[in-house]
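Visitor: Sequence:
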Amino acid sequence: MIATRLGLLPLLTATLTTTMANTVVNVPMTAILADLHAPLGRGVLVATAFPVTLAALMPLSGWLGDRFGHRRVLCASMASMVLGAAGAALAPNLPLLVAFRMLQGLSAAPVLPVVMVLVVQVLGEERRGRALSLWAAANGAGQALGPTTGGLLAELLGWRAVFWQIVPLSVLVVVGGWLLLPRDDRSRARPRLDGAGALTLTCGAGLLLVAASALPSQGAGAPVVWGAATAGALALGAFLLVERRRPEPFLHPRHLAELRYVRSSFAAAAQMFVLGAVLLATPAYLVGTQGLSQSRTGLAVLALPLAMASLAPVAGRCTERFGGRGVMRWGLVALLGGAVLLAVGTGVGVGVWPVVGALVLTGAGIAFVQTPAATGASRSQAGRTGAGLGLFSLIRFGATSLGAASVALLGTQPAGLVRVFTVCAGLAAVGVVVASLGRDTSARGAVATPAGPAPPAAPAASRSVSQSDGRATP
Numbered sequence: 198m199i200a201t202r203l204g205l206l207p208l209l210t211a212t213l214t215t216t217m218a219n220t221v222v223n224v225p226m227t228a229i230l231a232d233l234h235a236p237l238g239r240g241v242l243v244a245t246a247f248p249v250t251l252a253a254l255m256p257l258s259g260w261l262g263d264r265f266g267h268r269r270v271l272c273a274s275m276a277s278m279v280l281g282a283a284g285a286a287l288a289p290n291l292p293l294l295v296a297f298r299m300l301q302g303l304s305a306a307p308v309l310p311v312v313m314v315l316v317v318q319v320l321g322e323e324r325r326g327r328a329l330s331l332w333a334a335a336n337g338a339g340q341a342l343g344p345t346t347g348g349l350l351a352e353l354l355g356w357r358a359v360f361w362q363i364v365p366l367s368v369l370v371v372v373g374g375w376l377l378l379p380r381d382d383r384s385r386a387r388p389r390l391d392g393a394g395a396l397t398l399t400c401g402a403g404l405l406l407v408a409a410s411a412l413p414s415q416g417a418g419a420p421v422v423w424g425a426a427t428a429g430a431l432a433l434g435a436f437l438l439v440e441r442r443r444p445e446p447f448l449h450p451r452h453l454a455e456l457r458y459v460r461s462s463f464a465a466a467a468q469m470f471v472l473g474a475v476l477l478a479t480p481a482y483l484v485g486t487q488g489l490s491q492s493r494t495g496l497a498v499l500a501l502p503l504a505m506a507s508l509a510p511v512a513g514r515c516t517e518r519f520g521g522r523g524v525m526r527w528g529l530v531a532l533l534g535g536a537v538l539l540a541v542g543t544g545v546g547v548g549v550w551p552v553v554g555a556l557v558l559t560g561a562g563i564a565f566v567q568t569p570a571a572t573g574a575s576r577s578q579a580g581r582t583g584a585g586l587g588l589f590s591l592i593r594f595g596a597t598s599l600g601a602a603s604v605a606l607l608g609t610q611p612a613g614l615v616r617v618f619t620v621c622a623g624l625a626a627v628g629v630v631v632a633s634l635g636r637d638t639s640a641r642g643a644v645a646t647p648a649g650p651a652p653p654a655a656p657a658a659s660r661s662v663s664q665s666d667g668r669a670t671p
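What the sequence shown shows, in this note's numbering, is residues 198 to 671, in sequence order.
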């Protein structure tokens, strides 16, 4: 058992590494652009190349784990991450840096859905909530360490060092994953790829993410924004039409409409929108309005991801003991309270310590939403496939981009920041309502189906029981 649980080490390290890789460029961005003789406006390309590529490819890359084996895909992805990180560290110009950042995003795309499957396999189905809480803690730690190590290494060793730190961590995952994780079951059925469904979903998601990324700098009236958004919406509409007629769809629309998946996805989206907005809006307030130094601001903002990481295991135990939906609702209430405190605080001009308190409450809310939302999504019909878990992760990352875009749209002056935090509070309030939809029925003693390929369709009466909202699921 101890040897089996050692498999958690490469899984959590992979989650930590890919989360760090996303955010290491935020602090040293000015130094990167100055050294490569690139204009400041091009920084958005360096920052968004990773998350846009990552999010757009998540559903397709999640399917790869089902098709070729989760351990094999994880090790291959992290080996590719080594190439992407080393290439970014050696990039002589901005176009090559952006290209290698895209390779990093491509490499990271399969990691989150694959890890969500493997971490439950390692700890066991009965500890699903606890297993996913460890995944959530690693996410929070990566959120904290990315900007922190990026700024420190750039100051001490130069900006290229922020990419070199990814290389040994990725190598450790490849070696540890191959040696410690359970071997892939070659006897199980391997799903075929529905090319039309995968293509329309990937294109639709990618175009919407491009529109969201361009919105802050270009404005809503720019052709690239409304054109990409319109094309993305049409592609997603085509996805729904195509998948309804497929005998073996990439993702069945009926499964995506399952209330458990909808509740979990909306809660995760609300949580990640707030995270993306708060991590940009709070530093703008502390530096621009309160005159705090960048180093002290970094320490103050660190309160949020530290609260996320430290409380994630508690959220996992609460999810197993009290039920995911209740924990998720209370997490959304805490998220609402944190956003309200930040809105009021920026409006009246409070100092740093009230802001830190609000950040701790916000981080606690995120921790108590993230774990039960991931648990509920993984127990749903769609979440039993890598593609469904990939779409869930795409929704999370897309919401983060929208949260960051809201800061640029509404402004970084106190009045604009009040509007940003008010939007966050409103979204959390809607999340509480959505999380309350549907009935809670007891599923005590039932064993949830592990994440993996979707089983054959059950009779209608059986499906209504198996998809009911259990005590331990959102």
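These are computed hints drawn from the structure, not numbers from a lab. Treat the hints loosely; a few may be bogus.
Pair ranges (Cβ atoms, derived) [said to hold, decoys possible]:
#1 354 - 292: 20 to 26 Å
#2 379 - 415: 45 to 51 Å
#3 484 - 236: 36 to 42 Å
Keep in mind it's a predicted model, so treat the numbers as computed, not measured. From the three backbone atoms N, C-alpha and C, an ideal C-beta is built for every residue, glycine too.
Visitor: Give a verdict on every hint.
Guide: Evaluated hints:
no.	hint	in the structure
1	354 - 292: 20 to 26 Å	24 Å, holds
2	379 - 415: 45 to 51 Å	47 Å, holds
3	484 - 236: 36 to 42 Å	22 Å, violated
Hint compliance for this structure: hint 3 alone is broken.
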